[in-house]
Amino acid sequence: MDVVVLAKWVPVTQEEELKLIRGEKAVDLEEIPFRLNEWDTYAIEEASRILEAHGGTGWVVSLGTEEADTALRRGLAMGLGKGALIETEEELVDPFERAQIFKNFLEKKGIKFDLLLSGVQAEDDQFAATGGILAGLLDLPYATMVMGIEEISEGEVTVLRELEGGLMERVRVSLPAVLSVQTGINEPRYVSVTGVLAAAKKEREFLPVDEFSEGREGRIEILKLEFPPPREGAEIIKGDLDEVVESIFEILKEKGVR
Amino acid sequence: MSYALAVGETRGGVLQERSLDPVYFSDKIGLPSYLLLPQGEYDPLKGLCDKVLVSSLEEGDFLSPLNLVRTVEGVIGAFGAPSLILFPHSSFGMDAAPFLAGRLSWPLITDIAGFYRDEEGMVFIKPLYSEKVHAHFRLREARGVVGTVRAGAFEGEGEGKETVFERLEAIEKDPRREFLDYLEEEVGDVDITRAELLVSVGRGVKEKENIPTFEELASLLGGTLSCSRPVADRGWLPKSRQVGTSGKTVKPKVYLAMGISGAFQHIAGMKNSEVIIAVNRDPSAPIFQYAHYGVIEDMHKVAQKMIERLKGQG
Numbered sequence: 001m002d003v004v005v006l007a008k009w010v011p012v013t014q015e016e017e018l019k020l021i022r023g024e025k026a027v028d029l030e031e032i033p034f035r036l037n038e039w040d041t042y043a044i045e046e047a048s049r050i051l052e053a054h055g056g057t058g059w060v061v062s063l064g065t066e067e068a069d070t071a072l073r074r075g076l077a078m079g080l081g082k083g084a085l086i087e088t089e090e091e092l093v094d095p096f097e098r099a100q101i102f103k104n105f106l107e108k109k110g111i112k113f114d115l116l117l118s119g120v121q122a123e124d125d126q127f128a129a130t131g132g133i134l135a136g137l138l139d140l141p142y143a144t145m146v147m148g149i150e151e152i153s154e155g156e157v158t159v160l161r162e163l164e165g166g167l168m169e170r171v172r173v174s175l176p177a178v179l180s181v182q183t184g185i186n187e188p189r190y191v192s193v194t195g196v197l198a199a200a201k202k203e204r205e206f207l208p209v210d211e212f213s214e215g216r217e218g219r220i221e222i223l224k225l226e227f228p229p230p231r232e233g234a235e236i237i238k239g240d241l242d243e244v245v246e247s248i249f250e251i252l253k254e255k256g257v258r
Numbered sequence: 259m260s261y262a263l264a265v266g267e268t269r270g271g272v273l274q275e276r277s278l279d280p281v282y283f284s285d286k287i288g289l290p291s292y293l294l295l296p297q298g299e300y301d302p303l304k305g306l307c308d309k310v311l312v313s314s315l316e317e318g319d320f321l322s323p324l325n326l327v328r329t330v331e332g333v334i335g336a337f338g339a340p341s342l343i344l345f346p347h348s349s350f351g352m353d354a355a356p357f358l359a360g361r362l363s364w365p366l367i368t369d370i371a372g373f374y375r376d377e378e379g380m381v382f383i384k385p386l387y388s389e390k391v392h393a394h395f396r397l398r399e400a401r402g403v404v405g406t407v408r409a410g411a412f413e414g415e416g417e418g419k420e421t422v423f424e425r426l427e428a429i430e431k432d433p434r435r436e437f438l439d440y441l442e443e444e445v446g447d448v449d450i451t452r453a454e455l456l457v458s459v460g461r462g463v464k465e466k467e468n469i470p471t472f473e474e475l476a477s478l479l480g481g482t483l484s485c486s487r488p489v490a491d492r493g494w495l496p497k498s499r500q501v502g503t504s505g506k507t508v509k510p511k512v513y514l515a516m517g518i519s520g521a522f523q524h525i526a527g528m529k530n531s532e533v534i535i536a537v538n539r540d541p542s543a544p545i546f547q548y549a550h551y552g553v554i555e556d557m558h559k560v561a562q563k564m565i566e567r568l569k570g571q572g
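Chains A and B, in that order, are what the protein sequence lines are. The first sequence begins at 1 in the numbering used here and counts up by one. The second sequence begins at 259 in the numbering used here and counts up by one.
Just chain B, same shape as in the assembly (with noise of 0.2 Å):
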């Protein structure tokens, strides 16, 4: 009986929720799923898959990409090779499956959104160009596969399966890659987490000179300024200040996005916020596929008007 092999993982030894995006994508593939995971235990995983694959390396070994070859293909040996091998899109699953792909020489689709069946087998959409075009994926070939699924991209059937826990025999790590620690982010001036109102700018405030200007308005709203990825890469803003995976997720009352076009890294970051509202010259721009409100004009002129009215009230 095939199977998808789905890879998960722990941090600081917490199972994170994003390991079961592959189980998902197994149920909706309709193959029976055994998830791989770190030494731990996994109880809370009864039900949501057909078997829980426990290595005997400890997190930091086990999520290296070295040594990950090598634990799969202990797994192959010991089961025979899965349909899919399929990791979650995140840091780890960026790290381990191209590298895995290129040592079986299997192919690889990477943020695979969705996924059907046409009469010649697997189609699998993954987004290209900034999210502005789904790509239509199918194998040359009939054969296994490697690949990143996108979080909260399917929905899984939910508990019910008669969940075996199977523990790994040992391997020998691979001594090319050795994790050392684990760093937390420095705390930042202001918590973004708990403002009740985010004025968030990204790439459309195109200098650092332009920041002033949107901090003024944040402060004259009573709210703070948050931000995407290109403004704190640049060192416009600090990193505390950034919102979407790699930063910080939020749910303020009201989410003003100027300049946001919206990669999907942002908005897993700020699509729980109660109203949206999104500042954008570019009507194409994905963010207003999820905002509640849409503004198609240019932020540093809604910003100044804003700016102006404030003034001129008080």
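Pulled out of the complex, with its shape left as it was, chain A reads as follows (with noise of 0.2 Å):
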């Protein structure tokens, strides 16, 4: 059993104030702190459970940065055996291109795999497109809110989707497929900082996008990034910590909650 895995480095940006650039075409993400996509390390996680339980090869690929190989390099020290990292530093904003640039280099480099795993979404961007562009281009069978890998048996897999309102659904793909991978399908395992240090010595490949950017003109593009228009917006609560407390007080009395 084969499995690719593509993670993404991302900024985190939910506690972040931010700054527009370029003409208002970017965000300013010089100060932002980078992580691995949350979704792809649960992708990863479900990725080295497979291998652990079935054997077979485990590649964690990403496009970005040269710092995109801490990315690799946690995939390494969750339980995956190869890295590659295509490498550029353009923000590449339409999913099609991304998708595109990993098709042409798992054609190129000849990798054949049973499953590949995306996280459903990346946190940045929230395009939730990736994964479903590449099957699609590929022509394999996809699923993603992957909520649970059940059963994989000669040629086929079980998987559960995530829906809407507690429900989910369960259905059979055949192999190779893709599969996008929900938060919360498992708990991914610890792994330190040495951890990730030591991952250093395994086995990566940097490779620049130009070697895989055949086809891959992206279909659209930024006109401009703007702040959310304000709504009406929260009436804010002022004071110290006693006179904000006893404003909720207030509130819930008022509401006949307390």
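Worth flagging that the hints you see were computed from the coordinates, not collected in a lab. A virtual CB, placed ideally from N, CA and C, is assigned to each residue, including glycine. Be aware that one or more of the hints could be misleading.
Using 30 Å as the maximum straight-line C-alpha spacing, the simulated DSBU-like pairs for lysine-lysine come out as follows [as the list claims (entries may be wrong)]:
no.	chain 1	residue 1	chain 2	residue 2
1	B	K286	A	K255
2	B	K511	A	K253
3	B	K529	B	K466
4	A	K253	B	K529
Stretches of chain A that chain B covers, calculated by requiring three or more beta carbons in the stretch to come under 8 Å of a beta carbon on chain B [claimed, not checked]:
no.	stretch
5	90–99
6	152–161
7	187–201
Starting from two chains that each stand alone, build the complex the way the hints lay out.
This is the structure in structure tokens:
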């Protein structure tokens, strides 16, 4: 059972004030911390478990700047065997372009797999599309929002897909297949910083994106970025901690829930 | 005449309301909308769209992305290529839209939340970076595009269209993906949809060891503890306590959101609460756009102080 995982190195913007640059066409990420995309952590864990149970080769593949090597090392520290970084300094805003590059990479390197896993989405652009487009380009069966891989047998896999309102569906997919993994599917193993550092000794390839650029032209482009137009928004309760807490109690009392 | 192909969904034979999001978006663009659905009867749709195209496939087969490509090819064969193929931004839409875009080699824009035209053509607005930035995308060349539409992003023109119902010719199924069955969620220990006061914790809770503090706070207030996705994902609270699209939709009298940044999927599950109070130390957290009251402060400090006061009074 050979598994390829796509892993993205992403900025962590949840608690950051963002600045727009380059004529409002990009976000200034200079001071923003990066990490392995949360969804991809679950995909790597799922791949490692499959390899532990069934044997085989596990690849972690990333597309990004040289810093994305940390994403590879994390994947290797979590149990995958081989890493490849397709290096580019460009921000690729169109998931179609990313998918085309991955397709070219897999074909040119002759990498065979039974399962290709990605996260459902990346934290930064939230496109939720690279895995699905890649499956389409490769004409391989696809399922996203995967919340469980129940059974892997000869030539097929049974997966649970998360739907809305607590509902799930069970689908059978023939192999090879592309699956996009939802957070919460497993509990990703802990790897220490030293573990990630030690993985620097493991096998990795660093390849320029130009080798895999055939037909990659993006189909969409960013005209501009803007901050969402403010809604009415919250009335901000000001004051010291005591005053703030007092105000919360008053609201609760007013609504009759205390 | 060009048209927009909207792809809708049923679950357990019930037409899902989100199927209309792509139809309303077609209205906004100003194109006739053809709504594609699995086998079934759809009389209530009369007036809402220009055509209802009913597939020969049953729900489970229809919703497979692989079969959907074949169904769409059939539609293109019968009616010509649409200008847009639109899905709800749901589990189904996220499954089928990218795959279809890859098969057709069409551009894709997901989670479309706004739209306008400039002198060069259509512009699609999509949120990025945990809702903090809106990107305006345009196509590099004028051509067909696949999209998923955010729930409630567009309002329809209402009824009044002369809806034509058409049954599509049967297609052969792609055997490489097969629907087996649905699984209902296990019943949880408490029903958060019945609570009048929800104390809801998000990523800001940081560690499992901090959960009991918020449990205590909820219980001292006579409320119930709920959570956002990251807390349930880590197994710190059961899935039955999760508020949001994939969890529960709640409308308590008061929703006290602590350390929740406000992803759209979460907002969709709680926005109809009577009063929303958000506590978050990040003043740019999107939740403050939706809350009635905001407290820019560390959730742990606020919880400690509230508990102190509640115990002091008791």
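Hints versus structure:
For the suggested pair K286 (chain B) and K255 (chain A), the alpha carbons sit about 39 Å apart, so the restraint of at most 30 Å is broken. For the given pair, K511 (chain B) sits about 11 Å from K253 (chain A) by alpha-carbon distance, which is consistent with the 30 Å threshold. Of the supplied pair hints, the one linking K529 (chain B) and K466 (chain B) holds, its CA atoms being roughly 26 Å apart against a limit of 30 Å. Taking the CA atoms of K253 (chain A) and K529 (chain B), the gap is near 21 Å; set against the 30 Å cutoff, the hint holds.
Counting residues of the stretch 90–99 of chain A whose CB lies closer than 8 Å to any CB of chain B gives 5, which reaches the minimum of 3, so the coverage claim holds. Against chain B, the stretch 152–161 of chain A contributes 3 residues with a C-beta closer than 8 Å to a partner C-beta. That satisfies the three-residue criterion, and the hint holds. Evaluation of the coverage hint for the stretch 187–201 of chain A: breached, as 1 residues show C-beta separations to chain B shorter than 8 Å, against a requirement of three.
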